[in-house]
Amino acid sequence: MPDAISSPHNPRIKNLLRLQQKASERREQGLTIIEGLRELTIARGAGVVVPAVFVCAELLPEAGQRQLRQVLDDATEWFDVSKAVFEKVAYREGSDGVLALARPPQRRLADLELPQNPLLLVLEAVEKPGNLGAVLRTADAAQADAVIVCDPRTDLYNPNAIRASIGCVFTVPVVATSRPELLSWCQQHGIRTYAAALTPQARPYTDYDFRGPTALLMGTEADGLTPELIAACDETIIIPMRGYIDSLNVSTATAVLTFEAVRQREVADMQRGGR
1 MPDAISSPHN PRIKNLLRLQ QKASERREQG LTIIEGLREL TIARGAGVVV
51 PAVFVCAELL PEAGQRQLRQ VLDDATEWFD VSKAVFEKVA YREGSDGVLA
101 LARPPQRRLA DLELPQNPLL LVLEAVEKPG NLGAVLRTAD AAQADAVIVC
151 DPRTDLYNPN AIRASIGCVF TVPVVATSRP ELLSWCQQHG IRTYAAALTP
201 QARPYTDYDF RGPTALLMGT EADGLTPELI AACDETIIIP MRGYIDSLNV
251 STATAVLTFE AVRQREVADM QRGGR
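Counting from 1, one number per residue, gives the positions in the sequence shown under full-length UniProt numbering.
Pairs of lysine to aspartate or glutamate residues, derived as EDC-like cross-links and limited to a Cα-Cα distance of at most 16 angstroms, are as follows: (1) Lys14 / Glu25; (2) Lys83 / Asp3; (3) Lys83 / Asp96; (4) Lys22 / Asp155; (5) Lys83 / Glu58; (6) Lys22 / Glu127; (7) Lys88 / Glu58; (8) Lys128 / Asp155; (9) Lys128 / Glu221; (10) Lys128 / Asp151; (11) Lys14 / Glu87; (12) Lys83 / Glu93; (13) Lys128 / Asp223.
Derived Cβ-Cβ restraints for the label pairs, each shown as a range: (14) Ile245 / Glu58: 42 to 52 angstroms; (15) Trp78 / Ile245: 45 to 55 angstroms; (16) His189 / Tyr244: 34 to 44 angstroms; (17) Gln29 / Thr206: 40 to 50 angstroms.
Calculated from the structure, these hints are not laboratory results.
Quantities reported herein were computed from a predicted structural model and do not represent experimental measurements.
Ideal Cβ positions, reconstructed from N, Cα and C, are used throughout, including at glycine.
With the hints as constraints, model all of the structure from the sequences given.
The structure is reproduced here in structure tokens:
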């Protein structure tokens, strides 16, 4: 067995750092980084190709290594890494000693295979990987049909978004697009668009019926949705605030609206089943 990589100047280690730090490198190489056995297991279950894995035996016990080998296939290169070097490339505290190169899927709107009655979550100009990751966890939990990121300011497979989503970025179809393409595509597919925005014409989300083809649109925490996108949507909705603040964290607000849509659909299914 080859010796563990023990130098931070090793070309593979230097490339890991470039991929962590630069979206341009991730785009050019068609790769991203997954840290953590749990996240990697979820990604592999979703069919993500993993060209290489870097493992620190001091951090990952033998049982974990056996589990990792079961997750990977024969095409994945395995590199042992010293603890000192691994700690330089790990991007979170308390790492379990697993870091992998992954080839994330590249999708367009046209690639989405929608059911007859889709539920879609749309984020405009999201720039914080943590917010994107949290919304992806909601989408996975609610079994939303896709997350669409309109004019993103962070790449979809930023390592921190993968970490924040606990790998759910691979379990939910994710697409980046532009505002005109999004609106045209929703219209073509008969998808009703609901803009979450604090405007005079907005009505409480509980006033609406989300049982049909639905896209819930959310903006950034700092600026909200752009006026152009709000004006182009079919409806404008709001979560009534009963305290001093006038808004929620975007991931929290997305969860509230998403699970209301899920609730309505489940009630409708039960009513149909009881007939």
